[in-house]
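A.B. asks: Each chain, written out:
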Amino acid sequence: MRVRRGVFVSSFWTAAVLAGVLLLAGPLNVTVNAQQTAPAALAVKIDNFSFSPATLTVPVGTTVTWTNQDDIPHTVVSTDDPRAFRSKVLDTDEKFSYTFTKAGTFAYFCSVHPKMTGTVLVK
Amino acid sequence: MDRKTSKKIMHDHNGDGIDRRGFLECMAWAGTGAFCVMQGGVLKSFSMSRLGDFDAKKMAGELSFVQISDSHMGFNKPANPDVTGTLKAAVDKINGLSTPPEFLLHTGDISHLSKPEEFDTVDQILKGASAKDVFFVPGEHDVLNDDGKQYLDRYGKNTKGAGWYSFDQKGVHFIGLVNVLNLKAGGLGTLGSEQLAWMEDDVKHLKSSTPIVVFAHIPLWSVYPDWGWGTQDSAEALGYLKKFGSVTVLNGHIHQTMQKVEGNVTFHTAMSTAFPQPAPGSAPSPGPMKVPDDQLRKVLGITDVNYTRGKHALAVVDSTLA
Numbered sequence: 001m002r003v004r005r006g007v008f009v010s011s012f013w014t015a016a017v018l019a020g021v022l023l024l025a026g027p028l029n030v031t032v033n034a035q036q037t038a039p040a041a042l043a044v045k046i047d048n049f050s051f052s053p054a055t056l057t058v059p060v061g062t063t064v065t066w067t068n069q070d071d072i073p074h075t076v077v078s079t080d081d082p083r084a085f086r087s088k089v090l091d092t093d094e095k096f097s098y099t100f101t102k103a104g105t106f107a108y109f110c111s112v113h114p115k116m117t118g119t120v121l122v123k
Numbered sequence: 001m002d003r004k005t006s007k008k009i010m011h012d013h014n015g016d017g018i019d020r021r022g023f024l025e026c027m028a029w030a031g032t033g034a035f036c037v038m039q040g041g042v043l044k045s046f047s048m049s050r051l052g053d054f055d056a057k058k059m060a061g062e063l064s065f066v067q068i069s070d071s072h073m074g075f076n077k078p079a080n081p082d083v084t085g086t087l088k089a090a091v092d093k094i095n096g097l098s099t100p101p102e103f104l105l106h107t108g109d110i111s112h113l114s115k116p117e118e119f120d121t122v123d124q125i126l127k128g129a130s131a132k133d134v135f136f137v138p139g140e141h142d143v144l145n146d147d148g149k150q151y152l153d154r155y156g157k158n159t160k161g162a163g164w165y166s167f168d169q170k171g172v173h174f175i176g177l178v179n180v181l182n183l184k185a186g187g188l189g190t191l192g193s194e195q196l197a198w199m200e201d202d203v204k205h206l207k208s209s210t211p212i213v214v215f216a217h218i219p220l221w222s223v224y225p226d227w228g229w230g231t232q233d234s235a236e237a238l239g240y241l242k243k244f245g246s247v248t249v250l251n252g253h254i255h256q257t258m259q260k261v262e263g264n265v266t267f268h269t270a271m272s273t274a275f276p277q278p279a280p281g282s283a284p285s286p287g288p289m290k291v292p293d294d295q296l297r298k299v300l301g302i303t304d305v306n307y308t309r310g311k312h313a314l315a316v317v318d319s320t321l322a
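Chains as they are written, first to last, in our numbering: chain A, 1 to 123; chain B, 1 to 322.
Please keep in mind that the hints were generated in silico from the structure rather than gathered at the bench. Ideal Cβ positions, reconstructed from N, Cα and C, are used throughout, including at glycine. Treat the hints with caution; some may be incorrect.
[Unchecked claim] With the C-beta cut set under 8 Å, the calculated list includes, among others, these residues of chain B facing chain A:
no., residue
1, LEU97
2, TRP227
3, LEU321
[Unchecked claim] Where chain A lies over chain B, by a calculated footprint (3+ residues, C-beta under 8 Å):
no., stretch
4, 177-188
5, 192-206
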C-alpha cells in the first residue's frame, strides 16, 4: 500500500508539473523570457505621482501593464508623434496594458501630470 | 503686516519674490484664511484672526465676486468622501456673505474624472448660489480623454480657442486663460502661442489704469515646479500686463492659499472645496492630504474679492468652510 500510494502521489505531481511546464511553454513563454532579462518587470506601478520602475527593459512582444495606485487619476501616454499608445484616464486601481511589438525606446508620460515620465526599452 | 510683506522680499534669494519663510507664513494662513488688500501693487495681508483690527468699510466696493476652485466632483477617497457636501457648504458660505457677490469665478477642476454627471452635479449645486453668473476655466481634470471637447460644449460659449475669453465688469478687465491642454512630457502648465497672441491683442487697447484680473487653473507663477505647480510660458502672458498698475492673478490647482507680490502683480491661489493638498515638498507627492475629519472644513474654502473704483486696489479675502 505504501509503495502504491507513493507511486500514485508521484504520478500526480509529475502530471501536475508537466501540466505546468506545458502551460509555461505555451502562451506564457514571453513572460518567462522577460523575467530573465528584467526580473521586476512586466508591471509598472503608478504611485505617489510617479511610474515605478521608471525605466523598464523588455523583449519584443512583451505586454506591459500599468496600475494606478494613487488617489488621483493618471494617464499613460506615449511621447512619440504619432503616439505609439495612449491610455484613457485611469482612476484608482484601474489598469492599462500595451504590447510592445517593435524594438526601440518608448518614452511616455502622464498627460494630466506631465512631470510624471517613464521609458520602456524594448530589445 | 507690511513688515511681513517686506520681510518676504528681503529674504528672496531666488529672485522670484518669495522665500522659504514667506512660504511658511503663507502656509500658516492656509488653515485660518487670510484677508488681503492690494494697493498700488503692495499686498497687505491680515490673518483672519486679526480681522477685527481692520475697517471693513474700507473694503465695501463697487464690485464683489467670489472665486471657488477645485470642486473635484466625483472624488470619493478618504481625504473627503463627501465633496458634494463641502461644495454645498461653500455655496452656503457665499450666500452668507455680507456683501453679495455679483458673480462667481470657478478656477477649474470642476469634475474629478470629466464625467457628464459630475459636471451636472456641480452646475446644479451652483444654481443655489445667490450669484447667478459663473465664469469657468478648465482644470486638467475637466479635459480628460477628449482634449476638452465636452468642457467647451458645456462652458465654452463666447470663448475663443480652447476656452479662453475676457470680459469687463465695472471697469475691471477679467481674462480667463486655459493652461491645462497640450501638456508636454516633463513640462508644466501651458498657454500656447495661439492663446498668447490673443491675449496680447486683448489687452493692447486697454488704458494702463484699468485693473486687470487674470484667472486660470494652474498657477501662473512658479509655486513648485517639481510638482508641476507652474506654467511654462506664463512670463510671456505677464509681460503683456507690464503697463498696468494693478494686476491680480487668481489660480487654483494646489488646493491651498498662497500669495506673492511681484512688481505690479499680486498672485493668489485659492483653497479647494474638495480636499487639501500638502505644502510644496512636504510630502512624497502632491496627492490628496487626509486630515482629521473635524479639521477638514478648516482647509477648504472660498475666496471673496472686492474692488473699489478709484482706490486702485483689489481686496482678496479667503474664508474656510469651518
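A.B. asks: Against the structure shown, which of the earlier numbered hints fail to hold, in ascending order?
C.D. replies: 1, 3 and 5
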